[in-house]
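Listed below, chain by chain, are the residues.
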Amino acid sequence: MSKINFASVNVGDALPSKSLAVSQQLINDYADICGDYNPLHVDVEGMKLNTMFGGSTIAHGTINVEPVLQAVCDIQGLQWPAAGTRVDLQFRAPVKPGFTILSNLVVKEKKTDAGKNILVCDMKIQNKDGGDCVMGTAEIICP
Amino acid sequence: MEHKFNTSLVSGFGPAQMLPDLKFAEMEAGFDCGGGTYKITAEEVAKFAALMGDSNKGDVTVPVGMIYIFGLRICWDRKVFLDGAVRAGDKILFHNPAKIGDTITTKLSIADKKEVKKEKDGQVRISKFLSVDMNATNQAGDKIVDIQMSFLLPKTMQ
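So the sequence lines, in the order shown, correspond to chains A and B. Residues 9 to 151, numbered by our numbering, are exactly what the first sequence covers, in order. Residues -11 to 146, numbered by our numbering, are exactly what the second sequence covers, in order.
For the record, the hints were derived by calculation from the structure and aren't laboratory data. Note that the structure is a prediction, hence the values are computed from the model and not measured. Just so you know, even glycine gets a beta-carbon here, dropped at the ideal spot from N, CA and C. Keep in mind that a hint or two might mislead.
[Claimed, not checked] Residues of chain A placed beyond 10 Å of chain B at every Cβ, according to the derived structure: (1) 21; (2) 89; (3) 112; (4) 115; (5) 136.
[To be verified] Each computed SDA-like pair below joins lysine to any residue, with the alpha-carbon atoms no more than 20 Å apart: (6) B:35 x A:31; (7) B:87 x A:119; (8) B:102 x A:27; (9) A:104 x B:73; (10) B:67 x A:47; (11) A:119 x A:90; (12) B:143 x A:90; (13) A:11 x B:43; (14) B:79 x A:130; (15) B:102 x B:19; (16) B:79 x A:102; (17) B:79 x A:143; (18) A:132 x B:136; (19) B:79 x A:90; (20) B:102 x A:98; (21) B:79 x A:56; (22) A:118 x A:130; (23) B:35 x A:37; (24) B:116 x A:98; (25) B:143 x A:58; (26) B:131 x A:40; (27) B:131 x A:102; (28) B:131 x A:104; (29) B:67 x A:43; (30) B:35 x A:43; (31) B:35 x A:34; (32) B:67 x A:40; (33) B:95 x A:130; (34) A:11 x B:84; (35) A:118 x A:24; (36) B:101 x A:98; (37) B:102 x A:100.
If we strip away everything but chain A, and leave its shape as in the complex, we get:
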């Protein structure tokens, strides 16, 4: 963990990133934990016949968000985001096995509200080729 110093961050700064390599095995193991065996995620052979996603399975949408959740903890130097931290996101494109996805947080505003220092960030989850899978904003409390 690498706690960010609020005073040393400037608008426009890119904050530390986290990444995740998504494989079919990771998707299958995630399904075992969450219990969701939607064929879109786990039926490799069946999805080869489905043109919706180019003949591929796709990751659970919640896997796509994982890098930014880990990045927020890293930035705060915490194991769990500080109370009051917000993430607002829209799913834009599916993540497929073989993708490596990474968080992209850029500070667009610094503010102090009710005694809390907050970094307001534009947020993206991008795949290794630069495509945006998830977009949104994050309000990161700096403890």
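For chain A, the structure is supplied; the task is to place chain B on it using the hints.
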């Protein structure tokens, strides 16, 4: 393709009338979609952290990505995620950390609905979206996380 879900992972509760029973006009803000409870075990925390490579995990605190597990299991169990629905986005507000051994209670209710009109090639197409609040608390009643999930309803409900 059949959508399989392992409902043995949670103890669901209520309501008598579930979301798939409702027409869009009947989906009003505040509708109780029910919920569920389950206990977070050290075994599943270790498995999740290893899977996601979460180096922030503590000896007690649950990996942050598990906030979605709290909701996914229960949303499928309570039929809040409808087959054919497309996830649009989430609004997440963090509260207190979840800990190993906590018994999490997650409650679901309709937050909002909206119709989005788009015109293409002279034809107006209306898409119906639903937002559901997911509120998770621990055994002491402390808030863990609030997530508002939005999704495009399946074609059969458009």
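Results for each hint:
1. 21: Label holds. Min Cβ-Cβ 21 Å, cutoff 10 Å.
2. 89: It is violated; residue 89 (chain A) is separated from chain B by about 4 Å at its closest Cβ, not greater than 10 Å.
3. 112: Since the minimum Cβ distance to chain B is about 17 Å, residue 112 (chain A) lies beyond 10 Å and the statement holds.
4. 115: 19 Å, holds
5. 136: Holds, since 16 Å exceeds 10 Å.
6. B:35 x A:31: Answer holds: residue 35 (chain B) to residue 31 (chain A) is near 16 Å, not above 20 Å.
7. B:87 x A:119: Violated - the C-alpha atoms of residue 119 (chain A) and residue 87 (chain B) are around 30 Å apart, more than 20 Å.
8. B:102 x A:27: Given pair residue 102 (chain B), residue 27 (chain A) is violated - Cα atoms ~34 Å apart, limit 20 Å.
9. A:104 x B:73: 19 Å, holds
10. B:67 x A:47: 17 Å, holds
11. A:119 x A:90: 16 Å, holds
12. B:143 x A:90: Violated - the C-alpha atoms of residue 90 (chain A) and residue 143 (chain B) are around 39 Å apart, more than 20 Å.
13. A:11 x B:43: 14 Å, holds
14. B:79 x A:130: 14 Å, holds
15. B:102 x B:19: 15 Å, holds
16. B:79 x A:102: 19 Å, holds
17. B:79 x A:143: Given that 20 Å is the threshold and the Cα spacing comes to 12 Å, the pair holds.
18. A:132 x B:136: 19 Å, holds
19. B:79 x A:90: Holds. Residue 79 (chain B) to residue 90 (chain A) sits at ~16 Å (cutoff 20 Å).
20. B:102 x A:98: 16 Å, holds
21. B:79 x A:56: Given that 20 Å is the threshold and the Cα spacing comes to 33 Å, the pair is violated.
22. A:118 x A:130: Holds - the C-alpha atoms of residue 130 (chain A) and residue 118 (chain A) are around 12 Å apart, at most 20 Å.
23. B:35 x A:37: Holds - the C-alpha atoms of residue 37 (chain A) and residue 35 (chain B) are around 9 Å apart, at most 20 Å.
24. B:116 x A:98: Between residue 116 (chain B) and residue 98 (chain A) the Cα gap is close to 16 Å, so the pair holds against 20 Å.
25. B:143 x A:58: OK: residue 143 (chain B) and residue 58 (chain A) at ~17 Å, within 20 Å.
26. B:131 x A:40: Violated, because 26 Å separates the two Cα atoms, which is more than 20 Å.
27. B:131 x A:102: 31 Å, violated
28. B:131 x A:104: 33 Å, violated
29. B:67 x A:43: Answer holds: residue 67 (chain B) to residue 43 (chain A) is near 13 Å, not above 20 Å.
30. B:35 x A:43: Roughly 14 Å separates the two Cα atoms, so the pair holds.
31. B:35 x A:34: 11 Å, holds
32. B:67 x A:40: 19 Å, holds
33. B:95 x A:130: 30 Å, violated
34. A:11 x B:84: 19 Å, holds
35. A:118 x A:24: Satisfied, since the Cα-Cα distance of roughly 17 Å is no more than 20 Å.
36. B:101 x A:98: 16 Å, holds
37. B:102 x A:100: Holds, at about 19 Å.
Of the hints listed earlier, those the structure fails to meet are numbers 2, 7, 8, 12, 21, 26, 27, 28, 33, in rising order.
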